[in-house]
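**Q** Spelled out from the first residue to the last, the chains are:
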Amino acid sequence: MSTSSISEWITDQREQRTLKDWIQDLGPFVMLFGLIITFSFASDRFLTEGNLIDNVAKNAVTLLLVALAGTFPILQQSIDLSVESMVLLTGVVTVVLISEFGLGLLAIPIAIGVGMLAGLFNGIIFTKLKVPSFLVTLGTLSVMAGVGKIITGGSTITFRNPAIRTISNGEVLGIPNLVLWGLLIYVGTIVLAFRTKFGRYCFALGENERVVELAGAKVDRYKIYPFVLSGLLCGTAGVLLTLRISSASPNIGSGLMLPSIAAIVMGGTALTGGVGGPHRTILGVLVIAVLNNGMNLTGIDSFIQEIILGLVVVGAVALSIDREKIDVVK
Amino acid sequence: MASQTHTNATNVDQSDPAGGDDHSFRVEGISKSFRHVQALKDVSLAVDHGEVIGLVGENGAGKSTLLNILTGVLQADEGQLFVDGEAVTFTNPREAADYGVSLVHQEQDIIKTMRGYENLYLGREIERLGVLEKETMRKEAQAFVDDLGINIDVDERVRNYSFNERQMLEIAKAFHVSQKSENPVILLDEPTAALEESGRQILFDLVNDLRDRATFVFVSHELDEVLEISDRIYVLKDGERVADMATADATTDSLQKAMVGRETADEYYQVPDQQRETDLGETALTVDGAVYGDTVGPVSFSVREGEIFGIVGVEGSGKQQLGRLLAGDLVITQGSVSVDGTTLESPTVSEMVDAGVGYIPKDRKSEGLLLYQSVLVNTSLAMVRDMNGNVPLLDLDAEKEATIDAIEELSIKTPGPNALVHGLSGGNQQKVVIARWLAQETPILVMDNVTRGIDVGAKEEVYRLCRELTDKGVSIVFIGDELPEVIGMSNRIAVMANGEFVGDAIDASPGNKPTEQDLIQEMI
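Just so you know, the protein sequences line up as chains S and Z, in that order.
Using the working numbering, the first residue of the first sequence is number 19, and each one after it goes up by one.
Using the working numbering, the first residue of the second sequence is number 23, and each one after it goes up by one.
Be aware that a few hints might be false.
What the hints assert, rightly or not - The calculated lysine to aspartate or glutamate pairs, modelled on DMTMM-like cross-linking and capped at a C-alpha distance of 25 Å, are:
hint, chain 1, residue 1, chain 2, residue 2
1, S, 215, Z, 373
2, S, 215, Z, 408
3, Z, 387, Z, 260
4, Z, 384, S, 227
5, S, 215, Z, 463
6, S, 148, Z, 351
7, S, 215, Z, 389
8, S, 215, Z, 376
9, S, 236, Z, 362
10, Z, 422, Z, 463
11, S, 236, Z, 417
12, S, 146, Z, 376
13, S, 215, Z, 417
14, Z, 387, S, 231
Keep in mind that the hints were calculated from the coordinates and are not lab data.
For reference, chain Z alone in the conformation it holds in the complex (with noise of 0.2 Å):
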C-alpha cells in the first residue's frame, strides 16, 4: 500500500504516542467491514490544527464509510480516533460534535419551514421549566453567525433563504454544535455538488475564512476544486489510503492515476478512436416547433441512426425539461414529434416507449432504478410491456435470458440476475438503467447526464457503450453538463438558452470538435 505516500512534516509527529501531538484530529488503523465486504483496511491519517484536507476517491473507496466513521455513525472494527491527542470512541453524532467534530452533509440538512436560528439550535433548544427561550436562542444565533462573519438573518425562515444563504447556514450549524471544541473539525461531503458557481465561490471564502477557527476535510468528485480549496489530499482507493501528498505536488492527473491506479491522462472521450467517424442512416427523431408553457421552445431538430445529438446549456435553460419533453414525461404543448416518420401530438411516456423512446433520466436513484428489486426485474421492466401474448404470463426464461445477456454485454458486476439492485456500486446501477433499454432494443436513447456520479471507469464503459450503440444504428439524443464529455461524444450539438436553441445546432465531427469556451459563449 501506500507507495504514493509522500513523506511530509508531520509524518515526524507521528513517532510522537498518543497525547502530546499537535494534531488536532487523527485516526490510525481504521478497518471496517459489512458483512463480506471490506469498506475500510488500516486507514490512517492526520489533520493539523487550521489545514484543509482534500479527501479524494472513486465512488465505493470507501469515503462514505469513514466520514460516517468520523462522525460516530458507524463503530469502526478496528483503529482508534484521537482529539487532540486523546483517545476517542463515537457512539453516536452527538459525542462526535462533543468532541468538535461535524459533518455538513451532501444534501442540505435543514428544515425549510423553521426560522434560522431554530434550525441552529435544532435538537439543542435553550429551555427553562420547559418552556423555549426563543429570545436568548435569536440574539446568541445572530451573535454566533455574525462572529463567523456569516451575513444571514437568523430569525428568517430558512425558505426564504437563498439556496447560497442555506449553504451559509448549514456550515454555521457544524460550528455550532461543535462549539464545546477549541479547535472543531468541519468534515464538508461534496459540499458544492448542488451549488452553482457563485455558491461555490462564496463556500470557499467562507472555508479560507474561517480555516484558522476550524479544521476542513473536504470530500469532492470534482478534483479542480479540491486542489484549489486543500492543503493536503488524501486518496482512498478500494478502501485502503492510497496516497497523502501536499496539494502542491498534486495535479489533476496524479489524483486520477492514484484513485483509479492507472493512467488516464486522456479521458476516454478525446480518445481518437471515440471521435472517428460514424456511418448515419436516415431520419430516426424529428422535432418540429415543440413547445413546453414557458420553459421550453419552439424547438426543432432531428436526429440521424446512428447520431449522438448533444445538448448544452447552463442550469435553467431548459435543457433537462426538453429530455423529459422527449421522454413524453412533459406533455408537449404545441408542436409535434416525428419518430421513423411517425408523428405523435402530446405524447405520453407510454406512447413514446412504444414508439421506440427510452430515457435515461438524470438521478438514478429516485428515478431510475427499483433498488429493492433484483438486476432482473429492473432490466426487464420496459420489456415486459409488450409480454402479453395469447398467455397473458410472463416469459421468465425470455426474460432471465436477457438479463443475462445485459449482464455480459454491458459487464455489470453483480452476484447473478437475482441481486438486488441497491447492493450495486453507482456505476453498475447506472449500466442496469441503460440495460432496461438495451434489453428491449430500443433504438432512441435520450440520456440526461449518463454519466453523473459513476467514477472515471465505468464511465469509460457507458462511452465505449454508446459508440458500440451507435455503430448498430442507434440514435442517442446526449443532455449534458459535463461540456468536455458532450463534445467527445456528439456529432451535432445545439446550446440551449431560455428554452430555445442558439442558432443551429454545431458542427462536432471529427476534426471540427467545438472548445468549450466556444460553447460557453454561446450558453450565457
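Pulled out of the complex, with its shape left as it was, chain S reads as follows (with noise of 0.2 Å):
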C-alpha cells in the first residue's frame, strides 16, 4: 500500500496530460536513448564496460550529488547557486585535516559539517534578512571559492592515506563504491521528498509560502532546510570527489553549478518551484554525463563542448517552464 501510495502520489499529480507533459517525462529517456545509440556509433570504445564505469558513471557520481543538493531549494523556489564553491571547500578541508592534522577518518563528519555549516549560513541569510537566494548564494559561491583556494595556497593538496581511499575508490561485486554511495545517497532523497515533512513542505513552499504559513508551520525553518541539505550534499561529493583522487586542486568543483541545474531542471524539477523531485534528476545527470563523454571520446572542441552545453540548459529550461502558472516572465 505504501509503495503504491508513493508512486500514485508522484504519477497522478496531473491527472490530465497534454502533449507538453509527454515531452517533459518521456524527454530526457528519448534524449539519454538517442545519445547512447549515437555515441555507440561515433565511438568504438563508448560502450565499453571501463568507459562506462570509469568515466561515466563515476563522473555522474559527483554530478548527481551537486544536482541532487540543488533539487530541494529549487523544489522551494528558490536556488543554491554556490554548488559548487561547497564541493570545493569541503574538498580542501577533507585534504588538509587528513594530511596536516592526521584526523583521518574523523575528517569526512568534520568537512561534511563545514558544508552543512556553509548551507546553514546561505538559509539564515535568505531566510532572516530577505536577501533573495540567487543573490545570497551568488556571494558566497565567490567567498567559499576564495577561502578553498587560499587554504590550497594556490596548488594541489594531496594525501596518502590509501584506507579512507578505499572508502570512495574500492568496490563491492565489481560496482565502484562511488557508485553505490550515489545510488544510496539518490534513494535517500527520494524518500525526503516523497515521504518525509521536510519534502512536503519543500513542494508546498514552492507553490505558495502564505498557504504553508496559514496552515500553521513553521516556515522560516523549514525554507532554511533545503539548503543545509544542500551543503550536506555537497560536502559529501567534495568528500567522495577527493578520497577518489587522494588530493584537491583549487579548482575541484569548479563548472559544475551550470551542468547540475540543467539536470534538474530537465529532470522535471521546474525553475518556478512546486513541482518535479529528486526522483528524476537523475536523467538529467545522466544525459549530461553521457553528451560529455561522448564528446570527449569523439575529439569534439572543448570550447563548442561549452557551446552545446549552454544550449542544451536553455532547452531544457524552455521546455520544462510551466506556462499556466506564470503570466510574466522577467
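From these two lone chains plus the hints, build me the complex, please.
**A** Structure (C-alpha cells):
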C-alpha cells in the first residue's frame, strides 16, 4: 500500500496529460537513448565496460550529488548557486584534515559539517535578512571559492592514506563504492522528498508560502533546511571526490553549477518551484554525463562542448517552465 | 433548453439573415469545450444598440469563457460572432477591439506608476520616428475623457488616483481601445466586486450616461445590481443559456431559480433548521483586551463550544485584522488570547494551530490553497505537522484515509484525492480549505467570509457543514460582509467599528435575530 501510494502520488499529480507533459516526461529518456545510440556508432570505446563505469558512472556521481543538492532549494522556489564552491571548500578541508592534522576518518564528518554550516549560513541570510537566495548564494559562491583556494595555497594539495581512499575508490561485487554511495544517497533524497514533512513542505512552499504559513508550519525553518541539505550533499560530494583522487586542486568542483541546474530542470523540477522532485534528476545527470563523455571520445573541441552544454541548458529550461502557472517572466 | 425564454421584440429580427439586422452584436450557437469539459453549449445572444445587458450564472456556468470568446482571448469550437450584421472572427483582443468589443476586467488592469494618458494609450502609443508624442497623447486623452464626461486628470500618475477614479479610467480605456467602432460593446466583468458603495453609484451613473454611446454587457454575482442597471438579462447554467428575460419581468428569485435550476426562495441560513437552538458548552476561546497597533482593539470576548460568534463591520472596521490576530498571523501587541484555559501571549500561527485554532482566509486562491497540488496535499497540510513520530516519515495511508473521509463528508466533487485543486470549482475548492481543519479535528475555526465567491448551492452546503460542526462542539468565529448570512448563522454578533466592538455582542439566538438595519445602525 505504501509503495503504491508513493507512486500514485508521484504519477497522479496531473490527471490530464498534454503533449507538453509527455515531452517533459519522456524527453530525457529519448534524449539519453538517442545520445547512447549516436555515441556507440561514433566511437568504438563508448560502449566498453571501462568507459561506462570509470568515465561515465564515476564522473556522474559527483554531478548527481550536486544536482540532488540543488533540487530541494529549487523545489521550494529558491536556488543555491554556491554548490560548486561548497564542493571545493569541503574537498580542500578533507585533504587538509587528513594530511596536516592526521585526523583520518574523522575528517569526513567534519568536512561534511563544514558544508552544512555553509548551507545554514546561506539559509539564514536568505530567510532572516530576506535577501533573495540567488543573490546570497551568488555571493557565497565567490566567498567560499576564495576561502578554499586560500587554504590550498594556490596549488594542488594531496594526502596519503590508502585505507581511507577505499571508501570512495573500492568496490563491492564489481561495482565501485563511489557509484554505490551515489545510488544510496539518491534513494535517500527520494524518501526525503516524498515521505517526509520536510519534502512535503518543499513542494508546498514552492507553490505558495502564505498557504503553508497559515496552515501552521514554521515556514522559516523549512526554508532553511533545503540549504543545509544542499551543504550536506555538496560536502559529501567534496569528500568522495577528494578521496577518489587523494588530492584537491584549487579548481575542484568548478564548472559543476551550470550542468547541475541543467540536470535538475531536465529532470522535470521547474525553476518556478512546486513540481518535480529528485527522483528524475538522475535522468538529467545521465544525459549530461553521457553527452560530456561522448563529446570527449569523439574529439569535439572543448570550446564547442561549452556551447552545446549552454544550449542544452536553455532548451531544457524552455521546455520545463510551467507556463500555466506564470503570466509574466522577468 | 430555454424553457424560460421570453419572446421579446428583438427575437423577431433574428429570423433576418445575417446582415441588415440592427443588433450591434450577436453571437450564434457558440460551443466551447476544454478537453472533456463542455464549457459552453450552443449559446446565442443578441445585443441591441444602446442596451445594457445583464449576464448572470453560478461559478462555472461559463460566463468567463463566453467573455473570453467575445474578446478573442479564446476561440469558439462552433458558432459565429456578428458585429453590425457582419460575420467576424477574433483571434486576439486587439481584433475584437477593432470591432469595438472590449472588456473591463474584474481586477483593475492599469499600471499604477504610469500616468493616466499613458495607460489610456498603453500598447497603442502615438509615435513619430520611434519617439513618443507625449504632448499629443496627453491633449487627446484629456479631450477624450472630458468628452465622455469622466472627470479625471490624465496627466496625474494613476497611483495618486482614488479607487473610483481608477475605475473610471478603466472604462475610459475600454472606450478608447474600441473608438474605431461607432457603437462600442463594453463588457464589464464583475466591475463592482472591488468597489465600495460610492464607487458603485458612480459606475452606475456613468453607465447610464453613456448608454446611448455604447452597448454594455454587465456580468455580476450581485443580482440586485444586475436588476438595477440592465434592460435585459441572460442567464447561463452549465454552459447553456437557460433564460433570456426582460429586467422588468425578472426578480432576484426568478433569476436565482434559473441559475440554480430549483427553488431557493428562502436563503438557506434563514431556514428554521438553521436557526434552531444549539447546546453550548464550556468557554473555548477567550480574547482579553487584544490590541494590534492602531487598527484593532482593545477587544475582549469569549466564544463557547458549539457557538457561532459573528463579527460584522464596514470595510476598514478592523474585523479582518481581528481574524488575522486570532489566527496568529498578526501578532498581538497588547492583551492575550486564551484557548481552553491556556493563555497565549503574542502567539504565532504555529502556536495558535497547536492550541487548536484554524483560520480560513478570505482569499482562498492566494492564501488558502496550493492550487497546483493535489486535494490530498491540501487536505493534509495542517495534519502533517503532527506526523513525525518515532520514524520521521509521513503516514501516507493516514493522509489518504483522512482525505477520502473529508471528500465524502463534505461531498467534494473531485476525480479523486490525487486530482489537482486547480481543476475544482470555487465551492469545492473552499471545501478543501475547510477539510484541512476537519482532518485535523480543529476545535476552533476562524472563518473570514467563508462563502465568498462560491455559488448558492455550495453556500448551502457550507452552512449545513458549519451547523454539523457546532453540533459536535466546534466553535466558530464567523467574520462576514454578508449581513443576512451572519445573522442567520450566528448565536451572537459583535459589531466592529474603528477597531473596537460597539457595545456588547448582540444576542442572535433563534427568535431574537437582529435585522440588517439594527446592525447597520451600529456599524456606521
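**Q** Does each hint fit the structure? Answer for all of them.
**A** Now for the hints, and whether the structure bears them out:
1. 215/S - 373/Z: holds (18 Å)
2. 215/S - 408/Z: holds (9 Å)
3. 387/Z - 260/Z: holds (23 Å)
4. 384/Z - 227/S: Given pair residue 384/Z, residue 227/S holds - Cα atoms ~16 Å apart, limit 25 Å.
5. 215/S - 463/Z: Cα-Cα ~19 Å, so holds.
6. 148/S - 351/Z: holds (18 Å)
7. 215/S - 389/Z: holds (20 Å)
8. 215/S - 376/Z: holds (16 Å)
9. 236/S - 362/Z: Holds, at roughly 23 Å.
10. 422/Z - 463/Z: Between residue 422/Z and residue 463/Z the Cα gap is close to 16 Å, so the pair holds against 25 Å.
11. 236/S - 417/Z: Status holds; Cα separation ~20 Å.
12. 146/S - 376/Z: holds (23 Å)
13. 215/S - 417/Z: Holds, at about 10 Å.
14. 387/Z - 231/S: holds (14 Å)
Taken one by one, the earlier hints all hold for this structure without exception.
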